[in-house]
Amino acid sequence: MSFSIEHGETFGLLGPNGAGKTTSISIVAGLLRADAGVVTVAGNTITTSSVQGKAAIGLVPQEIAIYPDLTAEENLMFFGRLYGLSDLERRTDEVLGVIGLTDRAGDLTKEFSGGMKRRLNIGIGLLHRPELLILDEPTVGVDPQSRNAILESVEALSAEGMAVLYTTHYMEEAERLCDRVAIIDEGEIKAEGTRRELVSLVGGKDRVTISGTGNLGAAAEAIRSLPDVAEASASDHAIQVLATDASRLLPALMTGITGTGASITSVEVEEPNLEAVFLHLTGKALRD
Amino acid sequence: MGAAVRIAGKDLRLRIRDRSVFILAILVPLALSLIFDAVFGSALEQGELNLEYGVVDEDHSDLSQIFLDTLRSIEAEGVLTLTAFDARSDAEAAVKNGDQDAYFLFTEGLGESVNQGGSGRIEVVGDVDATTSTQIATSIAEQFGAGVATAQLSVSTAAASLDSEPSDEQISQWIEAAVETERSFVLTDESAATRQLDSATYFAAGMAIFFLFFTVQFGVSGLLEEERQGTLARLMSAPIGRMSVVAGKAILAFVIGVVSTTILILATRFLIGASWGAPLGVALLVTAGVLCSIGIMGLVASAAKSPEGAGNMGAIVAVILGMLGGVFFPIGSGEDLLSRLQFITPHAWFMRGLGDLSDGAEWTAAIPATGALLVFALATGLIAVALLRRRYRG
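Respectively, the protein sequence lines represent chains D and V. Sequential numbering of the first sequence, starting at 1, is according to this note's numbering. Sequential numbering of the second sequence, starting at 1001, is according to this note's numbering.
Check each hint, because a few of them may be wrong.
[To be verified] Derived list of chain V stretches under chain D, where covered just means 3 residues or more per stretch with a C-beta under 8 Å from a C-beta of chain D:
id, segment
1, 1224-1235
2, 1239-1247
3, 1307-1319
[As the list claims (entries may be wrong)] Label pairs and their calculated CB-CB ranges:
id, chain 1, residue 1, chain 2, residue 2, range
4, D, Asp69, V, Ala1038, 57 to 63 Å
5, D, Asp69, V, Ser1139, 57 to 63 Å
6, D, Leu108, V, Val1005, 22 to 28 Å
7, D, Ala36, V, Asn1312, 35 to 41 Å
For the record, the hints were derived by calculation from the structure and aren't laboratory data. The model shown is predicted, which means the values in this text are computed figures rather than measured ones. Glycine included, every Cβ here is placed at the ideal spot set by N, Cα and C.
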């Protein structure tokens, strides 16, 4: 297994339970010893006995790894001291703000909801401003609202230039967050690349459903000749189009349809997803 | 080291917050010390040798005088009370009435018979309800008899080496000298009994070392709790040495162990008048005892899969070692297997060390027991660290 992550990039490890995601990131974080190979983070080789190199890594374990009988602030302060933060109080306040727990800073975390604990779990990981943030399935068992908040946090951190290694078995999360994705199964990377690169492996095309009124048959005929359109067919109220890179093609499609006098009421684009890629590569579904 | 102290500080805060440390480390051992002393204290005081012996000397020989001197020297140690009776019937009546546990009878002509190289018999008549006291009296008489036999052998050997026949006076002096040697042995043997602690100190010390093994579990099993709640991974991924986590747990165990034992010592001193001995000696014993309990419980934790497993195994180990080590009832200081076996436990050494400090002994009296405890600590601690290193090396 080999991969690299740039600053500001979110790299996803996508695979079903038991695929080896947690083992992989445990090796990257210096928790487990690799049988072979080298892990380098921010120029430091990481092993189980590394000390300085680990300062560049922030780990958010899959389990909620906080002390229930300490307050949110005490949890952050404790781990901050282990990392030797000089501006600990200020940084603690900042992180409490980022994870939306400023108002609950003095409460024991055992009184927190699952979502709040998850947010604190992430907050501890990014407290020391790591160059690489490792998140191991951070949204497992989280309500939709908290899940969305977590995903937004990850997007914001990536935008700030932090390298993020994100493991998940939720295809939607990988597609939303990750600049590049490695599909992992049985401890091996089966394929790696951007979502589009991965999708191209299975030769999938986007499906565009354009609802409208007017002579939809003529409209379908008009757009069928456009480059990258593989197929276009009309029904009573909609035109179905199969095309490569539909998002880029949408303006031409809409111009072609309205040019025949038909009007458009809605457009829906369905891209081939990573689930299909995973199925193609491994012969099994992500949630198996 | 800084990381270890921070981890210990965090754990201490958690333990204080959940209050269990106060209950198990201080309140329970203190309460049990008080209860045990109240319930069993008098029984234990009876268990301390307080023998009532009579003696009837019909012989009035040098040999009977030596025997009386021997008994009086034991009496001076405070172990027995000796009453001389003129008539055998008076002594017998006193034993029957329960005023005396037993009496020794030196029949007329015994000394003369021994001087002539012949045999003799010291009779021991005991109260049927005072079997232990009677056994001790018999033992004293047997030891004295063994001494006389040795003396006779010595005299025969000495006489054989002489060119001329020794005088009666010479023979008498040789016997007296030889028996004196045996009398010294008797006194040395009995002195072991004087090392017993008074009941208040005994139960306080027993509870202190017994619960110490539970108290330090707050520290050593913390590693397993960190593992279970997932925080161990976070600690291991932090820029600190892996063994800092283990060291942090050991520091916490040490602090809780020392503080709780110190509080127990002070409380029992003022509440039930426990007499612990020279403070420096006690401090050495407590420190070594705490280190020893950390080593043993660390070993248990390193072999356990969960905090509950460690707790259960630790409790079994603590109870077995505690009972074998005589923290609830005295095992004794004889030559039997159990008496010897007790010293494979740190509990017995801790109690022994406190016994050595009793009666105003210097702090240095605690050094042998402290050394033994440190050997336990080192041996078990090194094995525990090796197992933990293997477990968490990744």
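Consistency of the hints with the structure:
1. 1224-1235: Satisfied; 6 residues make the cut.
2. 1239-1247: holds (count 4)
3. 1307-1319: Since 0 is below three, the answer is violated.
4. D:Asp69 / V:Ala1038: 57 to 63 Å: 36 Å, violated
5. D:Asp69 / V:Ser1139: 57 to 63 Å: Taking Cβ atoms as reference, D:Asp69 and V:Ser1139 lie about 59 Å apart, which means the hint holds.
6. D:Leu108 / V:Val1005: 22 to 28 Å: 23 Å, holds
7. D:Ala36 / V:Asn1312: 35 to 41 Å: 40 Å, holds
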